[in-house]
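Asks: Sequential numbering of the sequence shown, starting at 1, is according to my numbering.
These are computed hints drawn from the structure, not numbers from a lab.
Be a bit skeptical, because a hint or two may be false.
[As the list claims (entries may be wrong)] Derived pair list, reagent style SDA-like, types lysine to any residue, alpha-carbon separation capped at 20 Å:
id, residue 1, residue 2
1, Lys7, Thr68
2, Lys137, Ala104
3, Lys195, Leu123
4, Lys137, Lys194
5, Lys137, Thr68
6, Lys137, Leu115
7, Lys7, Ala54
8, Lys197, Met138
[To be verified] Beta-carbon label-pair distances, calculated as ranges:
id, residue 1, residue 2, range
9, Thr41, Leu108, 16 to 26 Å
10, Lys197, Leu4, 27 to 37 Å
11, Glu148, Leu46, 42 to 52 Å
12, Leu193, Ala74, 34 to 44 Å
13, Ala199, Tyr107, 20 to 30 Å
Using N, Cα and C, we set each Cβ at its ideal position, and we do this for glycine too.
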Amino acid sequence: MLTLEAKIAHKLHLTPNRISIIGFILALASAACYALTTPSTAWFLLLAVFFFLASGFCDAMDGIVARTYKQTTAFGGFFDSVLDRFADAASYAGIIIAGLCSAAFGYLWGTVVALVALIASMLVSYTRARAEVLGVKMESVGIAERAERMIILAVASVIGFFYLPILGYGVALIAVLSMVTVVQRVWHVYRELKKEKAAT
1 MLTLEAKIAH KLHLTPNRIS IIGFILALAS AACYALTTPS TAWFLLLAVF
51 FFLASGFCDA MDGIVARTYK QTTAFGGFFD SVLDRFADAA SYAGIIIAGL
101 CSAAFGYLWG TVVALVALIA SMLVSYTRAR AEVLGVKMES VGIAERAERM
151 IILAVASVIG FFYLPILGYG VALIAVLSMV TVVQRVWHVY RELKKEKAAT
């Protein structure tokens, strides 16, 4: 999957880290478009989705290039993860700045919903990082990993172009599913560490 694109990237001398940086820049462009969205400039919302999906494409591509061409490094994985967190935060920051959840919940509660989605998304990543430090594998644990959250936000944004409250509902869904994922991961770590303790 995406092997042709990986070959093209390799021929263009795009290393995994360079692809990660390009993806981050695209994420910032997406965040800026979210922030610039108003009722009279709703087309910025579609532009935000375009940059958002392009950023996600780069996020998938950097790993594929790294594995295909034996360019996997510990720093590369760390660097990519840090940029992903910045990219996630930027997207929600743009949504908060423009008050895009206000159409669904009003300004105050719309801001709260977006903040919860932002914080919960960060916690999803943090719980995985902490678990792996403890030696607990977290692959596929939880119902809302980054890919699922990106799909929900992209779909909600496209539909939101026609009916803006849908974007707010999509962000609320991300907030709820992310919190559920955090709870699932905490419970998973608890069980695994308990098993490990019982085995010693």
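Asks: Output the numbers, in ascending order, of every earlier hint that fails for this structure.
Replies: 2, 3, 5, 6, 10, 11, 12 and 13
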